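Enquirer: These protein sequence lines are chains E and A, in that order. Count along the first sequence from 1, then add 29; that gives the number in my numbering. Count along the second sequence from 1, then add 9; that gives the number in my numbering.
Please keep in mind that the hints were generated in silico from the structure rather than gathered at the bench. Bear in mind the structure is a predicted one, so any value in this text is a computation, not a measurement. Just so it is clear, CB atoms sit at the ideal spot from N, CA and C, and this is done for glycine as well. Check the hints yourself; a few may be wrong.
[As the list claims (entries may be wrong)] What follows is a set of in silico ranges between Cβ atoms, one per label pair, in the way DEER data are often shown:
no., chain 1, residue 1, chain 2, residue 2, range
1, E, Pro397, A, Ser64, 47 to 53 Å
2, E, Gly41, A, Tyr173, 51 to 57 Å
3, E, Pro397, A, Leu435, 46 to 52 Å
[As the list claims (entries may be wrong)] Residues of chain E clear of chain A, computed beta-carbon distances all greater than 10 Å:
no., residue
4, Lys55
5, Asp57
6, Val68
7, Glu128
8, Gly211
9, Ala221
10, Ala233
11, Thr302
12, Ile430
13, Ile466
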Amino acid sequence: MDTPLILIALLGGAALILPLLEIILKGDTRGRISGYIAVAVLTLSLLLVIYPAITTPLNLTESSSGLFRNDLMGLFFSFSVLLVSLLVAASSLDYIKGEPNESIYYSLLLFTSLGMSLLAFSVDLIMIVVAWELMSIPTYVLTGFRKKDSKSNEAALKYFILGALSSGTILYAISLIFGLTGSTNIYQIVEASGAITSGLYPVALLAMLLFTAGFGLKMSIVPFHMWIPDTYEGAPTTISALLSGGTKKAAFVVAIRVFVISLPLLQLDWQLTFAILALITMTIGNIAALTQKTITRLLAYSSIAQAGYMLIGLTVALQTELGLIGVLFHVFTHAVMQTTAFLAAAIVTKKVGRTDLNSFKGLGNRMPLTALTFTVSLLALAGIPPLNGFWSKLVLFTAAIDGGFTWLAIAGAINSAFSLGYYAWVIKRMYLDEAEIKLKLQESNIFSTVLIIATVIIIITGIYPAPIYEFARLAVSTLGVI
Amino acid sequence: MLPILSLMILIPLLASILAYVIGKYSERGVRLFSFIMSLSILIFALLLYGIIITSDSGGEMNFEEGPWAWIPTFQGVDYHLGLDGLSAPLVLISAFLTVLVVLGSWKLIKKRQPLYYALIFLFEGCIIGVFTSLNLILFYVFWELTLIPMFFFIGIWGGSRRKYAAMKFFLFTYAGSLIMLLGFLALYVFGAPTFDMVALSLIQIPFWVQTLVTIATFIGFGVKLPVVPFHTWLPDAHVEAPAPISVLLAGVLLKMGGYGFIRVNLTLLPEASEAYAWFFIAIGVITMFYGAIVAMTQKDMKRLIALTSVNHMGFVLVGAYTLSSYGVAGSIFQMFNHAIAIGLLFMLTGYIHDQAGTREIPLLRGLKDTMPNTATILVLASTAGMGVPVFAPFVSEYMVIVGAISYDTILAITVFVPMITAAYFLWMLKRILMTPVDKSGKKHKDMDLTSVLHLSLYLAPLLLLLIFPWLVLDMVNLFTENLLGLFR
Numbered sequence: 030m031d032t033p034l035i036l037i038a039l040l041g042g043a044a045l046i047l048p049l050l051e052i053i054l055k056g057d058t059r060g061r062i063s064g065y066i067a068v069a070v071l072t073l074s075l076l077l078v079i080y081p082a083i084t085t086p087l088n089l090t091e092s093s094s095g096l097f098r099n100d101l102m103g104l105f106f107s108f109s110v111l112l113v114s115l116l117v118a119a120s121s122l123d124y125i126k127g128e129p130n131e132s133i134y135y136s137l138l139l140f141t142s143l144g145m146s147l148l149a150f151s152v153d154l155i156m157i158v159v160a161w162e163l164m165s166i167p168t169y170v171l172t173g174f175r176k177k178d179s180k181s182n183e184a185a186l187k188y189f190i191l192g193a194l195s196s197g198t199i200l201y202a203i204s205l206i207f208g209l210t211g212s213t214n215i216y217q218i219v220e221a222s223g224a225i226t227s228g229l230y231p232v233a234l235l236a237m238l239l240f241t242a243g244f245g246l247k248m249s250i251v252p253f254h255m256w257i258p259d260t261y262e263g264a265p266t267t268i269s270a271l272l273s274g275g276t277k278k279a280a281f282v283v284a285i286r287v288f289v290i291s292l293p294l295l296q297l298d299w300q301l302t303f304a305i306l307a308l309i310t311m312t313i314g315n316i317a318a319l320t321q322k323t324i325t326r327l328l329a330y331s332s333i334a335q336a337g338y339m340l341i342g343l344t345v346a347l348q349t350e351l352g353l354i355g356v357l358f359h360v361f362t363h364a365v366m367q368t369t370a371f372l373a374a375a376i377v378t379k380k381v382g383r384t385d386l387n388s389f390k391g392l393g394n395r396m397p398l399t400a401l402t403f404t405v406s407l408l409a410l411a412g413i414p415p416l417n418g419f420w421s422k423l424v425l426f427t428a429a430i431d432g433g434f435t436w437l438a439i440a441g442a443i444n445s446a447f448s449l450g451y452y453a454w455v456i457k458r459m460y461l462d463e464a465e466i467k468l469k470l471q472e473s474n475i476f477s478t479v480l481i482i483a484t485v486i487i488i489i490t491g492i493y494p495a496p497i498y499e500f501a502r503l504a505v506s507t508l509g510v511i
Numbered sequence: 010m011l012p013i014l015s016l017m018i019l020i021p022l023l024a025s026i027l028a029y030v031i032g033k034y035s036e037r038g039v040r041l042f043s044f045i046m047s048l049s050i051l052i053f054a055l056l057l058y059g060i061i062i063t064s065d066s067g068g069e070m071n072f073e074e075g076p077w078a079w080i081p082t083f084q085g086v087d088y089h090l091g092l093d094g095l096s097a098p099l100v101l102i103s104a105f106l107t108v109l110v111v112l113g114s115w116k117l118i119k120k121r122q123p124l125y126y127a128l129i130f131l132f133e134g135c136i137i138g139v140f141t142s143l144n145l146i147l148f149y150v151f152w153e154l155t156l157i158p159m160f161f162f163i164g165i166w167g168g169s170r171r172k173y174a175a176m177k178f179f180l181f182t183y184a185g186s187l188i189m190l191l192g193f194l195a196l197y198v199f200g201a202p203t204f205d206m207v208a209l210s211l212i213q214i215p216f217w218v219q220t221l222v223t224i225a226t227f228i229g230f231g232v233k234l235p236v237v238p239f240h241t242w243l244p245d246a247h248v249e250a251p252a253p254i255s256v257l258l259a260g261v262l263l264k265m266g267g268y269g270f271i272r273v274n275l276t277l278l279p280e281a282s283e284a285y286a287w288f289f290i291a292i293g294v295i296t297m298f299y300g301a302i303v304a305m306t307q308k309d310m311k312r313l314i315a316l317t318s319v320n321h322m323g324f325v326l327v328g329a330y331t332l333s334s335y336g337v338a339g340s341i342f343q344m345f346n347h348a349i350a351i352g353l354l355f356m357l358t359g360y361i362h363d364q365a366g367t368r369e370i371p372l373l374r375g376l377k378d379t380m381p382n383t384a385t386i387l388v389l390a391s392t393a394g395m396g397v398p399v400f401a402p403f404v405s406e407y408m409v410i411v412g413a414i415s416y417d418t419i420l421a422i423t424v425f426v427p428m429i430t431a432a433y434f435l436w437m438l439k440r441i442l443m444t445p446v447d448k449s450g451k452k453h454k455d456m457d458l459t460s461v462l463h464l465s466l467y468l469a470p471l472l473l474l475l476i477f478p479w480l481v482l483d484m485v486n487l488f489t490e491n492l493l494g495l496f497r
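Extracted from the complex, chain E is given alone in its bound form (with noise of 0.2 Å):
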């Protein structure tokens, strides 16, 4: 089975087709309905994904087109990315609800979704470009979604003008890795990169150097991530979620496809830059997200910081196995926590209507199931056992050890203990504080079962993580690299 043109042809064909109902409906039902498609699809996508990687995790067959591999590793991310997709689209259905042009938001989600799952899948430089916008176009747009909200305009365009060019800085470093190497797939890459003279090499130092540049922007490296707290802030909550949890974790997988696989020839030049860019994301993310005075730039710090954490992973990824399966356990976990935090925010903020922390005062009253779902999301994403955000980050600090860079996993371990501060404040404000307004507020049915579902999500893979961490593990083996 052919996973990614499958996903193609699911998910693009349902994204031109919602528009269509934009004009053939009449009214709420518009809205509702293109909702109930785009989770469907994005469920059915889910099984679609989930298929193959249970029932022939070992004999998968190449795509046909070439431009993909059609393997675990990728498998994995659309995985996670889909998943996330789902958890956004299915609470959307509450978050937007009433808005104009609901057909069109949904349309968007599934094209960033489609472009997400195929550049898991991508081995092709070309095809990683292309995938790249597809994901990132439809963003610019949700994220100016609100366009009577100024903050959400100031937001998209930041986010348009920092994202088109990050893009530049890929096509780039893409052309010079193809003066190089004369080709643009990945493993034909791999045997030419053998005969690069070392007169040459400064040109492939650059190449890789904007290739940092470029993904690091969308996967909240520092000092790449200045767009991230604005974006995170004015675009719809639910896009953020998709943002943080979703875009992100698809610039990882072009990462480790072209970091790991593609330039292992420049290894030593990397590896120290990834050490070091690790340590100041976890930090600057830790301590800037210590110091917010609102929700969603809260959220997005401590995103960054954890971006931070994955990239020890990336470090270490050609000493170790466990690197690697540090990474995407990381993806899988974080994607799923930050999607949980960002949606309670998202149900918060509507409620309350304000975004800063003081109106999470007392909420563990106001809102008994959003405060708990919230609650065990962040205590997930401060890595306390047994939820699952504690054995991805014990993967990894494993990992570092193992490769020898335990000065990072020392970091890592401190920035963990430091970011409990901040994520325990909320928890603190949402359960210790007395709430200035007492009244009890509505838990929307829709958002709750999302957060319900994310939530076990999180204490199952926590409980039992044997079967993500194994599927991470063949996908990492399969890779063919290591």
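Position chain A relative to chain E; hints supplied.
Expert: Okay, now just chain A, sitting in the frame of chain E:
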């Protein structure tokens, strides 16, 4: 065979959910349910304890479950439980204190009872998990989970500075635990690719790895015990926590540190433990003296008792690292006794605060006239606290001192610690009980008979263990002999 130990962990966890559900309907119902449930867990624990002591198998693992792979391809992360002469007394004391805490909460906890009792059982399940885990990762999972109920206990039901204390406690102990986890990971990567404690104890681990891990665990366990540079969270947490929770904090949570030192450091890292014993003993002695001297200056009765705890935990550390049979056995026995004695003292402060409206020593005057029942129990509890030979703490403290002297004669100075302890307890008693009654002040109500009975439940085992110390020591000695076998 029945997975007995898993049940010991699972039953409280299930009871936790049930307690919450029942509590939503009836607060009286949840109190009753909690009492019956905790009592049955205690009986269960007693039964296991009885089996181990009658079969003289304290030296080995009983009721072992596993190792069953948790993540099959991540080698060494297993589910593995067992109970031996070190963990059985601690499991018993946790179950025993939980019953007393539930009883003690009937009067003192009025707010959000369903959640409160649910968290009590969550805590009990986790703590039994800590004491029975034989895999470092499983151990760590339970270890960290205990923080969550404790955070809410202090934060929701605590005193006026509860939020500050809860956050400080949470962050302090979490930071310590993470460093401890790094130590475990270093042991895994550089030592042997397994987290299984039994397997690790059979493997010769290079000395430099042992040193590295010892540094990490010193911080992790040291924060919990606590030892002196890491103790600052303790007075705040203990003082702000409601009295029944202080009982759990001092009685059970601190024991996790002592347990960790014996289970992980002494058992898995024998060479490093032997080489750095002088350091740990020095820290232990400093902790003892520091706790005792600082306690003397306190005006808040609860703070005084919290610092007594620091002082007594110093004994545990010193005893363990003397690596002599007296010292190690005394240290385990001390943990057992201290749990009961300190529990009683904290509960008393809770009652006194409830009746008299204050815990400030200068404001509590002439209790012997106004509150004779309270005064009597307070005298008895203090004798237990200071190690007077009417209660069992005397035995354990002097076992540790004998062990310390056998390590180095200079450690005979530890004899002064019980002396200082006695001094501040007696001084406190003098100020609270023997002063003339404050005429202007309002009359305090004395504690009623049920409370007296409740508190006597603490005293009974202490008296029993003075007369029959073998009830604990028989089992502990077998464990100690086995442990010390690693050092010869």
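Enquirer: At 10 Å, judged by beta carbons, does Thr302 of chain E keep clear of chain A as stated?
Expert: Its Cβ never comes within 10 Å of chain A, the nearest being 24 Å, so this holds.
Enquirer: Any Cβ of chain A at or closer than 10 Å to Gly211 of chain E, or is the non-interface label fine?
Expert: holds (39 Å)
Enquirer: CB of Pro397 of chain E to CB of Leu435 of chain A, is that within 46 to 52 Å?
Expert: holds (50 Å)
Enquirer: Just want to verify: Val68 of chain E was marked as not at the interface with chain A; is every Cβ pair farther apart than 10 Å?
Expert: At about 31 Å from chain A, Val68 of chain E clears the 10 Å cut-off, so the statement holds.
Enquirer: Are all C-beta atoms of chain A more than 10 Å from that of Ile430 of chain E?
Expert: violated (5 Å)
Enquirer: Does the claim that Asp57 of chain E lies off the interface hold, with its Cβ farther than 10 Å from every Cβ of chain A?
Expert: Given a closest Cβ separation of 37 Å, the condition holds.
Enquirer: Checking a non-interface call: every C-beta of chain A should be farther than 10 Å from the C-beta of Glu128 of chain E. Is that right?
Expert: Label holds. Min Cβ-Cβ 37 Å, cutoff 10 Å.
Enquirer: Would you say Ala221 of chain E is clear of chain A, with no C-beta pair closer than or equal to 10 Å?
Expert: The claim stands: Ala221 of chain E keeps its Cβ more than 10 Å from every Cβ of chain A (closest is about 34 Å).
Enquirer: Examine each Cβ of chain A, and state whether all of them lie more than 10 Å from the Cβ of Ala233 of chain E.
Expert: Correct as stated: the minimum Cβ-Cβ distance to chain A is 32 Å, above 10 Å.
Enquirer: Lying within 51 to 57 Å: is that true of the beta-carbon distance Gly41 of chain E to Tyr173 of chain A?
Expert: holds (55 Å)
Enquirer: Find the nearest Cβ of chain A to the Cβ of Lys55 of chain E and say whether that gap is larger than 10 Å.
Expert: holds (45 Å)
Enquirer: Given the hint of 47 to 53 Å, check if Pro397 of chain E and Ser64 of chain A actually sit that far apart at their C-beta atoms.
Expert: holds (48 Å)
Hint 12 from the list above is the single one not met by this structure.
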